[in-house]
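**Student:** Here's the letter readout for the chains.
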Amino acid sequence: MVAGVAGGFADTLGVSDTFVRAAFVTLTMVWGLGVLVYLGMWLMQLDRVEDTEPDRVSAHQALGLGLAFAGLMLLLGVVGWWPSNALVITVGALAFGTAALTDRNMPGPLGALIDPTVERPGRLRIVVGVGLLIGGLTVFSANVGPIYEIGAVLLAVSLTGIGILVAFGPWVTRLARDLGTERRERIRQEERAEMAAHLHDSVLQTLALIQRSDDPARMSILARHQESELRDWLYGNAPLDGSDLLSTALRDSARRIEADHQVPIDVVVVGDHPMNETTRPLLGAASEAMVNAAKHSGADRVSLYFEADDDELVVYVTDQGKGFEIGEVADDRRGIAQSITGRVERAGGEAAIESEPGEGTEVVLRMRVSTG
Amino acid sequence: MSVKVYLVDDHRLFLAGVKAELSEEFTIVGSANDVDTAIEEIRGLDPDVVLIDVHMPDGGGVAVVEGVADTNPDVKFLALSVSDQAEDVIAMIRGGARGYVTKTIEPSDLSDAVRRINAGDAVFSPRLAGFVLDAFAGAMPSDDDPELDQLTSREKDVLRLIARGFAYKQVARKLNISIKTVETHVSSVLRKLQLSNRHELARWASKRRIV
Chain A
1 MVAGVAGGFA DTLGVSDTFV RAAFVTLTMV WGLGVLVYLG MWLMQLDRVE DTEPDRVSAH
61 QALGLGLAFA GLMLLLGVVG WWPSNALVIT VGALAFGTAA LTDRNMPGPL GALIDPTVER
121 PGRLRIVVGV GLLIGGLTVF SANVGPIYEI GAVLLAVSLT GIGILVAFGP WVTRLARDLG
181 TERRERIRQE ERAEMAAHLH DSVLQTLALI QRSDDPARMS ILARHQESEL RDWLYGNAPL
241 DGSDLLSTAL RDSARRIEAD HQVPIDVVVV GDHPMNETTR PLLGAASEAM VNAAKHSGAD
301 RVSLYFEADD DELVVYVTDQ GKGFEIGEVA DDRRGIAQSI TGRVERAGGE AAIESEPGEG
361 TEVVLRMRVS TG
Chain B
1 MSVKVYLVDD HRLFLAGVKA ELSEEFTIVG SANDVDTAIE EIRGLDPDVV LIDVHMPDGG
61 GVAVVEGVAD TNPDVKFLAL SVSDQAEDVI AMIRGGARGY VTKTIEPSDL SDAVRRINAG
121 DAVFSPRLAG FVLDAFAGAM PSDDDPELDQ LTSREKDVLR LIARGFAYKQ VARKLNISIK
181 TVETHVSSVL RKLQLSNRHE LARWASKRRI V
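In order, the protein sequences belong to chains A and B. So in the numbering used here, spot 317 of the first sequence is number 317, and the numbers just go up one at a time. So in the numbering used here, spot 78 of the second sequence is number 78, and the numbers just go up one at a time.
A hint or two may mislead.
[As the list claims (entries may be wrong)] Pairs of lysine-lysine, DSS-like flavour, derived with a Cα cap of 30 Å: (1) A/Lys322 / B/Lys180; (2) B/Lys180 / A/Lys295; (3) A/Lys322 / A/Lys295.
No lab work stands behind these hints, which were simulated from the structure alone.
Working from the sequences, and respecting the hints, build out all of it.
**Tutor:** Here it is as structure tokens:
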């Protein structure tokens with residue numbers, strides 16, 4: 001049970017390890033001899049070969065081993081290493097009785113009752129085991145009283161308890177180990193299932209869409225979208241730690257506009273600032289500028305640059321598209337421009353739009369923020 | 001004479017695409033899918049420019065850059081990556097790469113970057129410019145070499161314009177300086193990035209996992 005010595009010894013001898021444990025327990029009654037032998041064998045045990053099926057002993061050999069053990073006990077008694085008949089017989093009978101009823105490979109009558117697939121121990125074994133238990137208890141109770149002091153009784157009881165622990169221990173620990181393994185396996189499978197589900201909903205769907213699409217621009221947008229989504233998922237960026245940051249909000253907005261208008265938007269961020277009522281108009285204006293650039297500039301990509309330092313936030317939305325003459329803007333576009341600048345100015349910021357025909361357009365949004 | 005280019009990427013499909021895009025203008029002298037082959041062949045072929053993937057098994061692009069630093073000091077590296085993890089990109093640049101671009105770069109821009117790298121300039125993508133500005137931002141602690149640990153305001157202007165998506169030529173015009181001056185500023189930033197022992201750089205990069 002402790003170091004597998006009993007099990008190893010049992011394999012070598014070819015008998016059930018519970019019997020070997022019972023023998024150790026009984027020997028322990030003789031001035032702790034069993035513990036010493038156990039430790040000695042543990043120290044000597046070198047490399048035990050695992051997974052070899054031990055040869056089962058025949059009835060004759062089992063009888064021989066039993067007699068040899070009895071002889072050893074007798075010899076100890078003659079030499080004088082003998083505490084008392086009652087103590088040794090009590091513990092020995094209880095230990096061997098328990099051993100007969102339990103087995104690592106056969107969980108015993110109790111196990112057989114619960115699990116019908118378990119092979120029942122032989123009837124003879126049950127009879128002998130129960131007999132030994134009753135005998136042991138009888139000897140024990142017959143000797144409680146004037147002959148023995150309470151200390152010896154307590155010793156016998158506790159040692160019997162240890163014997164039962166030794167007999168049942170392997171079975172209990174194996175059960176616990178099996179449960180642990182099973183749980184780990186289940187968690188692993190759940191993680192796999194979760195990952196498979198996620199990849200199915202995202203990457204596989206996108207790949208299917210790309211295969212069905214014959215427009216390179218659309219394919220590229222799908223791929224970009226999927227790329228950033230997968231990256232967020234892999235590195236756990238967006239949903240948890242960044243949801244209330246302006247940088248995250250700007251990225252999300254850029255991603256949506258990119259998908260809606262089929263124009264890639266490169267986002268570069270330096271520093272960051274929390275998302276709040278002051279910064280919301282900045283996000284709104286930046287988003288509008290991005291939509292504007294994606295829809296009207298004709299550029300094949302749009303850049304968004306956001307920089308935050310201690311007292312100012314600046315957003316640049318830049319395209320290399322066709323641009324326009326500021327003074328000659330059609331009414332509807334002037335409206336858009338005013339709505340971009342108006343939003344930021346109402347919130348106390350500054351907005352500027354620079355453009356020239358053929359030179360692209362840049363929208364600059366600034367907002368002062370208080371530190372701390 | 002045509003520029004000799006060597007490609008290192010463990011993603012074969014991407015390798016084939018880049019090869020096709022660059023072979024018109026440059027001589028592709030070879031390619032490798034793994035770190036060991038790359039180091040061995042670069043030593044033998046001594047190319048002018050190596051396009052190198054940041055993420056590969058067995059140490060990644062940094063292992064290759066460091067592996068040939070002693071034998072072929074004149075080989076120039078341009079890092080390519082899909083990841084944009086600041087930690088990896090900064091490690092690559094500090095390892096000796098002279099530029100960093102994302103794999104989504106337009107083919108014409110990639111050719112341009114190779115030419116620039118070959119000429120000894122640095123190539124900063126908007127994202128790398130953003131990384132650098134972020135890494136060098138904030139108050140400066142006192143240090144041995146304050147000049148290496150801080151960007152000049154002109155360098156910051158240049159980086160901001162690059163981050164906003166402008167090409168070097170446009171940056172030059174916006175700042176009323178020559179393209180050569182823009183290149184000088186960018187090379188100076190690269191040098192600071194490689195040599196500065198500003199402690200925040202590493203801390204910043206590991207904290208900043210992804211952009």
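**Student:** Holds or violated: are the alpha carbons of A/Lys322 and A/Lys295 at most 30 Å from each other?
**Tutor:** 12 Å, holds
**Student:** For the pair supplied as a hint, A/Lys322 and B/Lys180, confirm whether the alpha-carbon distance does not exceed 30 Å.
**Tutor:** Answer holds: A/Lys322 to B/Lys180 is near 27 Å, not above 30 Å.
**Student:** What's the verdict on B/Lys180 and A/Lys295, does the C-alpha distance respect the 30 Å limit or exceed it?
**Tutor:** Violated, because 35 Å separates the two Cα atoms, which is more than 30 Å.
Comparing the model with each earlier hint shows a violation of hint 2 alone; every other hint is respected.
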